[in-house]
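J.: The primary structure of each chain is shown beneath.
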Amino acid sequence: MTHLNPIVLFFYFAAAAGISMFSMNPVIQIFSLAGALSFFFLRNAGKRTGMHLPLFLLALLAALLNPLFQHNGATVLFVLNGNPVTKEACIYGAVTALMLLATLYWFRSFSELMTSDKILYLFGRISPKIALLLSMAMRYIPLFGAQLKKTAQTQKAMGYFKEDNAMDRIRGYMRVFSVTVTWALESGIVTADSMEARGYGEGKRSSFAVFRFYRKDGFYLMLIGALFLISVYGLATEAVAFQYYPTFGAQAPSFISTLTYIAYIMLAFLPTAAEAGEKIKWKYLQSKI
Amino acid sequence: MEILTIENLSFYYPMNQTPTLKNLSFSVEEGEFLTVCGATGSGKSTLLRLLKKELAPIGERKGEILLEGSPIAEVNSASEIGYVMQHPEQQIVTDKVWHELAFGLENRNLPQNEIRRRVAEMASYFGMEDLFFRDTSSLSGGQKQLLNLASVMVMNPKILLLDEPTAQLDPIAASDFIATLHKLHREFSLTVILIEHRLEEVMPLSDRLLILENGELFAFEPPKEAVKKLENRADLLLSMPCAVRVSHALSGNGKKEVLPLTVREGREWIRRTYRNKIQTLSEEMLPKRKKVLEWDRVFFRYEKNGADILSNLCFSVCEGECFCILGGNGAGKSTMLGVTSGLLKPYSGTVRLFGKKLKEYTNGSLYKQNLAYLPQDVTTVFLRNTVRDEFEDSDVSLADFPYDFSSLLEKHPYDLSGGERQLVALAKILAAEPKILLLDEPTKGLDAYAKAEIIAVLHALKEKNVTVIAVTHDTEFSAEIADRVALFFRGELISSDTPKKFFSENRFYTTPVSRMTRGYYENTVTVSEAVSLCLANGEKGEKE
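From first to last, the protein sequence lines stand for chains U and A.
Residues are numbered in our numbering as their position in the first sequence, beginning at 1, plus a constant of 114.
Residues are numbered in our numbering as their position in the second sequence, beginning at 1, plus a constant of 19.
Bear in mind the hints are in silico, worked out from the structure with no lab data behind them.
Remember, predicted model here, so these are calculated numbers, not experimental data.
Where a beta carbon is used, it is the ideal one built from N, C-alpha and C, also for glycine.
No false leads were slipped in.
Over the 10 Å line for every Cβ pair with chain A, so calculated as not near, a few chain U residues:
#1 116
#2 127
#3 138
#4 159
#5 160
#6 168
#7 175
#8 188
#9 210
#10 350
#11 360
#12 371
#13 383
Stretch by stretch, here's where chain U covers chain A in the computed footprint (C-beta under 8 Å, at least three residues):
#14 66-74
#15 108-120
#16 126-136
#17 169-176
#18 391-399
Take the sequences, apply the hints, and build the full model.
T.: In C-alpha cells:
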C-alpha cells in the first residue's frame, strides 16, 4: 500500500471510511472495523503503536450513552430512574461505537501512510500555486520557530528577562516575537530574490512530483472504484437499509444486498490482503537474495 | 570567445549623486573563472546583481551589458544566468530537497518526465541521492549551499554568478563548495564569476582577478599580474592569500619578480630567497594569573537517550586571557558556550565563575557585569528598529565604547553590513560591562577588513583585563589574538597550548603561514612573525 500513488490511497480511504460513515448497517460496520483493525495491526506488527485503550473506552462510552438518552424502541429491558432502556437503543449505540472505532482506525492508517509530501502532491494536482504555497509554509513555520527560540535564548543571556517579574517577561517575549516577524519579512526578501532568479512568475508553471502513476495504481483505482460504486448503489437503493426504531427491520436478502455486502467486505479487506501479499512476496524475494 | 561584454557601465542608486559603479568596461571569455574582490562598498554586489536582470537594483544604469552579443534585457536570464547568494538558509524555497531541485524547472513549465530526468541527473552529479527525500531544514549549512548550487545548475546556465557563497560556511564545507565549483568549471567549461573573500583557495583556480575600488576597475588581469599592482596598498593586501602578504611585506622596495600566490609557492619562495640561521622568535611567557572560570568534570546531553555532547570536560581560564577553541562541526563547541553562559544545564559536574557556582547567580545577576555571550547569529541580538534604540536602555554612554559606531546610529540593524552588524552586536553585549566575553564564531562571514577591526577591538578589551573565550574555525584569527588555543574533540578539550606551539605542531588545524614556513623556521604562525623572521635572517647572497 505504501508504494501506491497518493491519489489511489486518498480515494481508498475516502471510500472505505465514507461508506462506513454513511451507513448504519451493522454488517457493514462490523466488516469495516475488522478491515480497519486488521490492516492497522498487520502494518504495525511488532511495533509500539501508542494508545489503543482510550479509543476503545471512548467507543464504549458512545455505546452506553445512546440508550441513556434515546428511549425509542419497542423492547424495554429495564427502567432506570423512571426512563426505559430499550434493546433497540442499546444495539444502535453499539453499532455507533463500531462506526466510531472503525473511522478512527481508518484515519490512523491514513495519517501513517499519507506523509506531508503525499498530501502536497494531492493539492498540487488541484493547483500548482497552492502546492508551492503549502510547501513554502511547511518550510517557513519551523524556521520561524527556531529563530524565535534562538532570539529568546540570546536575549536571556543578555539579561533581558527578569526571573521574578512575570509582566516584564511577557513584555520581553512580545518584543522578541515582533522582532522575529521583522526577521521573517527580511529573510523573505532573500527568498523572493532566489525565486525570481530561478524564473518564478514568468508565466505558467508546472508542478513536479516524485510520485508516478503506474499500471498497478490504475488497477487498484479501477478495483476500488468498482467496489465503491457497487456499495454506493446498494446504499442508495436501500437494499442494505436497516431500521432500528421502534423495532428492528431489514430488507429481505436479495441479489443486490448480497452483492453489496460482498463488495464492501472486499473493499474493507483490500489493504490487508495487499499488505499480506506484499509481505509474503517480500519473504520469498528475500529468500532469493 | 567573449560570453559577457560590459561597456561603459555606470550605476547610480536613487537619491545618490556619486555613482556606485563608474564607467566599467571589460569582457569575460567563455569558460573563464573570474574572481571579484574589493572592500565593502566597492560595488561588487551591485555589479553582480546588474548582470542578472531579475535581481538588478533600482537606480539609474548607463552603458551596455551584453550576453553573447545580445543585451541582457533580452536574454532568458532565469535559465541562462545562474545566481547563488550568500545565505544558504534563506535561498531555499521549498521543504523537500527534491522539490527544491525541481523548482526552477517547474517555473519553466517543463513536462514531468524531463524534470524527473534532470533532477535525478543533478542529484547524482552532486552526490545527493541520500538526501533526495530529506527535509531541506535538516541539512547542514554546507549541504544547503550545495543544494542551492545544484538547483541553479539544473537550469543549465551558461554563466554562473556567485556572491560570497562560502561566507557562512565552516572551512571544510567551504573547501567542498569551492572544489565542486572548480569541478563544474573544469568539466563543463562553465563561465564562473565569483565574489569571494577567502582568496587563499580561490586564487589558484582563477583565470583572472577583478579588483574593484570605489566602483572603479583597479585591476583586471591574471592573479599573478594583479597582485603586483598591490604594492603599498595595505588595505587591499589584507584580503590576499598569506603568501602574497608575506612577499609584499618583504619586497616592498620595488623588486619586480614573480610573486608567490599559494602556500607551496610561498614556501619555495622563502627557501629560495631567505636564509634560516635564526629559526625562531623568542616567546614571552605569560605571568601566572588567577582563575576566573573553572570547569569540573562536566557532562551534558540534549536528550535522555542521546549521546553525551560534553563528556568529562575539565579546564579553566585565567583573568584577562584570550582562550580560543577550535574543532570540527558538531563537536560540541557551541554547546560548551551554551553551558558556560548558563543557558544549558549540565546533568553532572559544575561550572564555577569567580569561584561561585553558575546556578548561584540568580535573577540575571550572571549577566550583569559578569558574563556576556555573543551568539553565532548576531541578528538575534537586536530587538529594535534603529541602532540608537538598541542602546536606549543601557547605562553606558556611546563614547565609552572602545570603538566608534556613531555613523550607524540611525540605521536599522538588519541593514548593516556583516562587519558593522558584528561590531554593533558586540557593543550591545559590552554595554553590560562583562568581565568575561563568550564569542561564538566572531569572524564568520566577515571580510578581511572587518576581521582586522574585530581583532583590534579584542586587543583593546584585553588591555582592559576582559577575559575572552572564543569558539572559532578561523585559525588565522585565533593565531592573532589568542593566549591559549585548544582543540575540541568528542566532548572534551584536547591539548591547550600557546598559539605558536599549538599551530606549529598541528598539521591540519593550523595557519597557512605555519604550513608555509614549517621545517625551515620554527614556531612561525602569523604573517608578521614570518616577515620579521625573514628580515632578521636576511636574504641569501647578501653579506651578513
